[in-house]
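Undergrad: Work out the full structure, taking the sequences as your base and the hints as a guide.
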Amino acid sequence: MRGNNEEHHARFFASFSLAISAVMGIAFASNMFTLFVFYEILTLSTYPLVAHKGTPEAIRGARTYLGILLGTSIGFQLLAVIWTYSITGTLDFTKGGILEGHIAGPAVAVLLALYAFGIGKAALMPFHRWLPAAMVAPTPVSALLHAVAVVKAGVFTMLKVGIYIFGIDFLAETGASEWLMWLAAYSIIAASVIAMTKDNLKARLAYSTISQLSYITLGMALATSMGALGGGMHIAMHAMGKITLFMAAGSIYVATHKTNISQMNGLGKIMPITYGAFFIGALSIIGLPPLGGSWSKWLLILGAADTGQWVMIGVLMVSSLLNVAYLLSIIGRGFFLPLPEGVPTKVTESPLLVWLPPAITAFGTLLLFFYAGVLQEFLMPIVSGY
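So in this note's numbering, spot 174 of the sequence shown is number 174, and the numbers just go up one at a time.
Honestly, I wouldn't trust all of these hints.
Capping the alpha-carbon separation at 25 Å, the derived lysine-lysine pairs in DSS-like fashion look like this [as the list claims (entries may be wrong)]:
no., residue 1, residue 2
1, Lys53, Lys258
2, Lys198, Lys269
3, Lys346, Lys258
4, Lys160, Lys95
5, Lys269, Lys346
6, Lys269, Lys258
7, Lys53, Lys198
8, Lys198, Lys160
Keep in mind that the hints were calculated from the coordinates and are not lab data.
What you are looking at is a predicted structure, and each value in this text was computed from that prediction instead of being measured.
TA: Here it is in structure tokens:
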């Protein structure tokens, strides 16, 4: 923030801290009502962050952000919470779910739809526009939205609902999540294709996030223990990779004030650390070993294979190829195209406290590959017994 001469630091960090505390509330909530309350606190506390710059564009983006997230949570998710309580008498997260024996038939799919679309932070299409709209925010906010707090709160909630409200076995028996699986697959491919058309770097990364979040929704919708495990692991793997990409984008902006990919020819030659971190983060998002993202994608493929969903395996493969196209093209421009005339050829990295964080998180994607077993053991209790 200081490197980019941003103003109103006190307001920014107060809202940032409140957002992090709301995420902790979501993480530790033991029932759906408590989670819903902290979910709304997160939405409200991040609104000032999105509108931070105070420009007309920032205000419009923040209104879109707030309108979609509040509209979906109150219009759909709250209704789903009330419906759940009215038929079960409880909202406690329970292993195996709480709905079996209380609801049957098409109503199961309808209730799941209310939850899926009500959890707007998961950015399922068509309720995804808030995410690109929020790109008017400062880059640290983009990193918070896309890697740590908001979107991960959404897919975390999606997994909690699938595992502890519906139950994996109940979803598998009723087939209620099959439509969600196909919607997630569509979101994965469609968002990747749109990302390829975006010249603005943060907009491209925003649509990449929409695609990657749908991996986690797909893992839940597969209704298998391996799918849920892969979805849970992808929360951490994507977080580390995507926060690297956004902080690298911030480093590029601080050093050069360039936002469009078409303006970034040759920058890798004068910002090797920033572009090196971006390259490593991109490879993790693509899912190549020895980086963390390869494990979660592998588990999702195994989850699809468990249910014979060969089309979903194809979707995951095609998505990875699209990831290569829209992420590595940025690296190619940075390292292999000549610098525009008049741009100094000496190394001009951003300040230390700007380029060092993405370098650290890039190393984190490597550590996640070798310590994925620790994360898997941590997640195993959520699917044991299925």
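Undergrad: Among the hints numbered above, which are violated by the structure, and what are their numbers in rising order?
TA: 8
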